[in-house]
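Chains as they are written, first to last, in my numbering: chain A, 1 to 349; chain B, 1 to 349; chain C, 1 to 349; chain D, 1 to 349.
I should point out that these hints are in silico values taken from the structure, not numbers from a laboratory.
Keep in mind that a hint or two might mislead.
Because identical chains cannot be distinguished in the list, a pair is counted as satisfied if it fits within a single copy or across any two copies.
To be verified - Cross-link-like lysine to any residue pairs, in silico, SDA-like; alpha carbons within 20 Å at most:
#1 K193 <-> F311
#2 K221 <-> H110
#3 K193 <-> G117
#4 K163 <-> L345
#5 K221 <-> G166
#6 K221 <-> V130
#7 K193 <-> D323
#8 K221 <-> P73
Letter by letter, the chains look like this.
4 protein chains.
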Amino acid sequence: MFFASDNTSPAAPEVMEALIRANTGYAASYGADEIMTRVRDRIRTTFEAPEAAVYLVPTGTAANALSLAIFTPPWGSVFCHRNAHIEEDECGAPEFFIGGGKLVLIDGGHARMTPEGLDRAISFTGRAGVHNMQKGMLSLTNATENGTIYRPAEVAALTAVAKAYGLPSHMDGARFANAVASTGCTPAEMTWKAGIDVLSFGGTKNGLMGVEAVVIFDPAKAWEFELRRKRGGHLFSKHRYLSAQMEAYVTDDLWLRLARQANAAAQRLSQGILQVPGATLQHPTEANAVFASWPRGGHRRAQEGGANYYFWPFNQSLQGPDDALLSARLVCSWSTTDEDVDRFLNLIR
Amino acid sequence: MFFASDNTSPAAPEVMEALIRANTGYAASYGADEIMTRVRDRIRTTFEAPEAAVYLVPTGTAANALSLAIFTPPWGSVFCHRNAHIEEDECGAPEFFIGGGKLVLIDGGHARMTPEGLDRAISFTGRAGVHNMQKGMLSLTNATENGTIYRPAEVAALTAVAKAYGLPSHMDGARFANAVASTGCTPAEMTWKAGIDVLSFGGTKNGLMGVEAVVIFDPAKAWEFELRRKRGGHLFSKHRYLSAQMEAYVTDDLWLRLARQANAAAQRLSQGILQVPGATLQHPTEANAVFASWPRGGHRRAQEGGANYYFWPFNQSLQGPDDALLSARLVCSWSTTDEDVDRFLNLIR
Amino acid sequence: MFFASDNTSPAAPEVMEALIRANTGYAASYGADEIMTRVRDRIRTTFEAPEAAVYLVPTGTAANALSLAIFTPPWGSVFCHRNAHIEEDECGAPEFFIGGGKLVLIDGGHARMTPEGLDRAISFTGRAGVHNMQKGMLSLTNATENGTIYRPAEVAALTAVAKAYGLPSHMDGARFANAVASTGCTPAEMTWKAGIDVLSFGGTKNGLMGVEAVVIFDPAKAWEFELRRKRGGHLFSKHRYLSAQMEAYVTDDLWLRLARQANAAAQRLSQGILQVPGATLQHPTEANAVFASWPRGGHRRAQEGGANYYFWPFNQSLQGPDDALLSARLVCSWSTTDEDVDRFLNLIR
Amino acid sequence: MFFASDNTSPAAPEVMEALIRANTGYAASYGADEIMTRVRDRIRTTFEAPEAAVYLVPTGTAANALSLAIFTPPWGSVFCHRNAHIEEDECGAPEFFIGGGKLVLIDGGHARMTPEGLDRAISFTGRAGVHNMQKGMLSLTNATENGTIYRPAEVAALTAVAKAYGLPSHMDGARFANAVASTGCTPAEMTWKAGIDVLSFGGTKNGLMGVEAVVIFDPAKAWEFELRRKRGGHLFSKHRYLSAQMEAYVTDDLWLRLARQANAAAQRLSQGILQVPGATLQHPTEANAVFASWPRGGHRRAQEGGANYYFWPFNQSLQGPDDALLSARLVCSWSTTDEDVDRFLNLIR
C-alpha cells in the first residue's frame, strides 16, 4: 500500500533484463553506443517525427530545465501553471539552467491552465519593452500535478495562444505515458501535432530507474542541447545504461502498458474511495493519481494498517474527530496491484 | 583490446547483483532509502571521517562542479593543472555551477602541479584587490590525466600552500581508487589527513554504471550541497539505484580490487611496450593508463588487428614511414584481461 | 506640465555646482576620492549608523539588484509586492545578479503588503525542503509604486515577520526621500530602527543625474558588495563625479528639501483634481505621485494643451464619450512648479 | 605630476559645458532624449557606419562585458591577450555577463597577440567536441595595456584568423582615441574595415566623467544588447547626461584632440626619460602610457618631489642601492601639461 509517489516503485522486470543484457563487453561512451541508435530510431518512429533530436538524461528536473533553457533566453518568461513541477519542485533548476528567467504563474482549476488565462499572462508580459522580462515560452505539464490531463485539443488550444505570440511550447511529460494512455491518442497527436516543440518524455516514474528522454521536434536546437547537457553534468560516459532502459521502455509499448496498469489502479482506487460515505474527489482521476477526501477515522485505520501516502495539503492531522474529512494524494504506479488497492479500501471503509 | 577509455568497460558483476537485489518492492526516494544509510556509514568508516557528509551523483562532471561550487564564490579562482579534467573535458561545468569563476591554469610535468607553481599562481591572483578575480580554491586530480599520481605527502605539500592563503582543496578522484591502490595508502591519508576538504570519489570509470560519491569532510557545507545538487537536476528520485551500486563498490574493498586489476593490467602493458625496440613512455605508468610511443608499423598492425585506443595527441596519422614513433594513450580498466594485453603486445611487436 | 516621471526632470542647481567644483585637478579613482570620505561620513551621520557600509552606484536597478544579491543565495526567494519595481521594471536584474532567485509576489492594496500576506508567502515557501526554492529575504518599496508610503511602524511590522523566519530586509528607496519627507520620521526610524538591513537610497529621481547610495547597516557584507559592484561594471573609475552629486544631496538636507517640493506639488495636484466633478483617486496621495481618474474630456484638453503623463493602465484611449472616466499617473518632481500644476488643473477642469 | 592613471584626470571643459547645457527642463528618459539622436548620428558618421547600433554605458567594464555577452554563448571561449583588461581588471565581469564563458589567454610581447598565437589558441579550443568549451570570439585591446597599438593591418590580420573560424571580433577601445590618434587612420579603418564587429569606444579615460559608447556594426544584435544593458543595471533613466558628454566628445573631433595631447605628453615624457643614463623602455611608447626603467635614485627624488605613479610590477621597493633600475608605468592624459612632464624629468635626472 505504497501510494506516496510513483517514484517509490521499482523498475520493471523488462528494464532490469535490458540492463543485464547491456552489461556485456565494451561499448562506445557518451551516447555513441549502438543501443542509443536504436532508441533514437524507435522514439522517432513512435512520435512519427523522423527528424526529431532525441537525448537521454537521468532526471525529470534535468529534462525540464534543459528543455526550457534551449528555448528561453535569460530575460525570458516561462508561462506555466502555479502548481507546475518546474515552479514547485525543482529548487529553481529552470532559472539556473536558463541563467535567469522568470516563471509567470497562471491559475486554473485542477492544475490546468485555460487559453484565456494564458493569453492574459502573455499579453501582460513585456508590455513596457526593455524594462520588463520578455515573453519566453509556454510550459505545460501532462498529466498534471493534480492527476488530470490535457487532451490533444486542449494542448493545441494552449500552444495556439503561444504561437500567436511567436512563442514555443514545452510539455513536461514526467507522466506523459499516463496522459497518452488515458486519452488513447497517439504520441504525435499529444505533442507536435498539437504544437509542442519539446517534450520531457518521462520514464523514471513509470518503471525505469532514472531515465528521461528529451524529444526536440525541431532539430535546429540539438547541438545547443548537447552542450548544455554536458555542461550541466548530465552526459553519461557509460551511456549504454541509460539507452538500455529506454530501449526496453519503448519496445512493444512497454511504456504504455505500464502506464495503463497505473491508471487502472488509480481508477479502482478512486471508485472504491467514492463508496466511502462522505468521500469526495478534489480532482477528477484521469491518470495515476487520486486526490480525495474521506473521514479521519478511515485515514487513521489506513495509516495504522501500514498505508503510505501524503495528506494534501501537508498540514492536516490525525488528531481530532473521526468524521471530519481529511484530503490526501494517492499515487499509483505500474507496480500497484489490485490487492494493494483492495486492502487499502478495506481499511478506510 | 579496448584501451580507448575506462568508461567503455562494463559494470562489475557485484554491482549488477546489487542492482538486482535493490529492485524489490518500494523504497523511500531522494536519498532517504535504507541502502544510502549504509553507504554513508561505510564511506565514513572507509575514510575514518565519522562527520563527513556523503552524497551520490551520477557523473564525474557533476561531482566536480558541485564540489567546487560549494567552496568557490562566483568571483573565485580555482587553481588547477592545465590538463585537468575540469579545464579540458567538462565544457565549462565548473563555471556554470560556480556562477562565474575562473580556472587558473598551472603547468607541470606529467599533469602534476608543484607547490612552487601553485604558490606563484595563488600569490599572483587578486593582487590588485577588487579589480581582480579573487583567490578561490585548489583542485587537484588524482590519479592525474597523465596516469601519474600524487602521493599523500605530495598532496599535503600542495594543500599546505593553499591553506597558507586560507584556501580549501578539492580532489578530483575520478580515478581515486587507482591512486590509492597504487600507493597503498589509506583513503584518509590520501584525503583529509593530507588537507583535502572535498573529494569526488569516482565509481563510474572503475566498475559502476554511473555513480560518484562526493565526500565533504566539513559537514557545514552539506545543506548547500543538497540544494545545489537538486537545482542542478542531480538528485535522483529512485535514489536506491545509485545507493546500491555504491554499496557494492565499498563492500569488501571491491573498489580497491577493481582498481588493482586495472593498475596491474596497465603495468603489464607498459612493461610489454617497453620491450618494443624504440618504444618509450611519455609519462610513468603509475595508475591505469599508459602513455607510450612506438613505431608506426606497430600501430598499424594493432589497429588492423582490432585494437581500440587514441593517438595522444589526436593529430597523428597512420600514413608515413613505418619506423617513425607515434604516441598513444592506452587506458586499462577492471575488465582488461591479461589475454587482451598480450594480444595487443603481440600485434605491436 | 511634465508628469510622465520624476526621471524626466533635471538635476538640481546645487548638484551641478558640486560637479563643477569637483572637476578640478586630479583625484584618486574607484571610490578613494576625498569627497567619498565625506559622503560616507555624512550618510552615516544622517542615518545614525556609524558602522554602515556606504557605496554609490549609477542606477536604481543596480542598487536594488546588488543589495538583493549580497543577501540572497541563488536558490533564495525574494518576497515583494506584485507591483514592485524589482518585479516589473528591471528586466530580471535581480535574478541576474542573484544568479537565479525567484521573486515571490504578494498582493495588497495600494502597492502595499500586509504582514499577514507576507507571512503566508514566507511560510509557504520552502515547505518541502530541498525540492523548493528556499526562503530568502524581504524587499519593500518606499515610497511605493502607487505613491503610497509605509510608515516606520508598518515597516517594522513587515520586517518583524521576516525576522521571525530569520530573513533580512531590503528597502527599495528610489523615492526614499519622498517617504521620509511625507512622514516626518528620521532616516534611522525608517530603516534600521524598523528592521531594514540594506537600503537603496535613491537620488536620481530626486534631483541627481544618476547616483544612488546603497547603505548596508551590517558592514559584514561590505566586501562582497564591492566585488559584486565591480564585476557588475558599476564601480566608477572617476568616482568623484558620483561622490560630488551625493555630497550635495546630503548637505543641508537638500534631499529632503527637494522631496518636500515634489510632495507638495503632488498634494496641490491631487487636491485640485478632486475638485473636478466625477474625479476620484485610485490611491491616496502620500508622496510625489498622483493616481487619479477624471472625465475623458479633461484628459483630451490636457493632452492637447501639452500635458505629458501616462494613462494608468496604459490601454485606455482618448477616443470615446467625454464623460467616461480615464485613470492616469501623474508624477511630480523637485522641479514641478505651482504654475505647472495650476495650468494643468485649469485644463482638466 | 599625476601619472598613476588617466582615470585620475578631470573632465574636459567642453564636456562640463555640455552637461550644463543639457541640464535644462525636462527630457525623455532611457535614451529617448534628443541629444542621443544626435550622438547616434554623429558616431555613425564618424565611423562611416550608417547602420551601426550605438549605445552608451557608464563604465568600460560594462561596455566590454556587454559587448562580449551579445556575441558569446555561456559555453564560448573569448580569445584575448594574457594582460587584457577583461582578464586582469574586471573581477570576472565578462564571465558574469556571458553566464559562464572562459577567457583563453594568449601570450605575446608588448601586450600584443600575433596571428600565429591566436590561431594556435583557437584551433586547440573545442577540438574534442561537446567535452570542451567551444570557440567563441576574439577580443583585442587597442591601445594595449602596455601602451602599444595595433595598426589597422595588424587588427585585420587578427580578425582574419578569427573569421577563418567563423568567429566575431571585439575591440576593447578604452583608449581607442589614443590608438587612432597614434596611427592617423580613420575610425572605420581601425574597426569594421579591419574586421571588428563590436567596439567599446572609450570616453572616460580621455576627458569624460563616465561614459563609453558601444558601437555594434551589425545591428542584428541591438535588441539583445538593450535587454542585457537594462538587466545589467546600465540603462540610465536620466540618459541625457550620458548623451551630453558623448556629444561633446564626438563634436569637432574633441576625442581626437584630447588623445593627441595625451599621446604627445607621453612622447615628451618617454624621450625625456631616455636621456637619463641607464634608462630604458620596457615597451615602445605608442599611445599615452610610458613603461620605463631608470635608476632608483631618480625614483626616490620623483616620489619625494610629489610624483604620482605605479611601479610596474608593483613589488619593487625604494629601499636599496641608488643605481639599481626600477621599472614604472606612467600614464598621461589630456590634462597632462608640458610643465608636469618637465618637472618630472628634472626630478629623475
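Under a CA distance limit of 20 Å, which applies to K221 and V130: within one copy, between copies, both, or neither? Result: close only across copies, 14 Å inter versus 26 Å intra.
At 20 Å max between alpha carbons, let me know whether K193 reaches D323 within a copy, between copies, both or neither. So K193 and D323 fail the 20 Å test inside a copy (48 Å) and across (50 Å) alike.
Is the C-alpha distance from K221 to H110 at most 20 Å within one copy, between copies, in both cases, or in neither? neither (32 Å within a copy, 39 Å between copies)
Can you give me the call for K221 and P73, within, between, both or neither, at a CA distance of at most 20 Å? both (13 Å within a copy, 14 Å between copies)
Is it within a copy, between copies, both, or neither that the alpha carbon of K163 lies no farther than 20 Å from that of L345? So K163 and L345 fail the 20 Å test inside a copy (46 Å) and across (46 Å) alike.
Could you place K193 and G117 in one of the four classes (within, between, both, neither) given a Cα distance threshold of 20 Å? Neither, since 22 Å and 43 Å both go past 20 Å.
Up to 20 Å CA-CA - F311 versus K193, copy category: This pair counts as neither: shortest intra-copy Cα distance 37 Å, inter-copy 42 Å.
If the cut is 20 Å between Cα atoms, do K221 and G166 qualify within a copy, between copies, both or neither? both (16 Å within a copy, 19 Å between copies)
Hints 1, 2, 3, 4 and 7, counting from the list given before, are not met by this structure.
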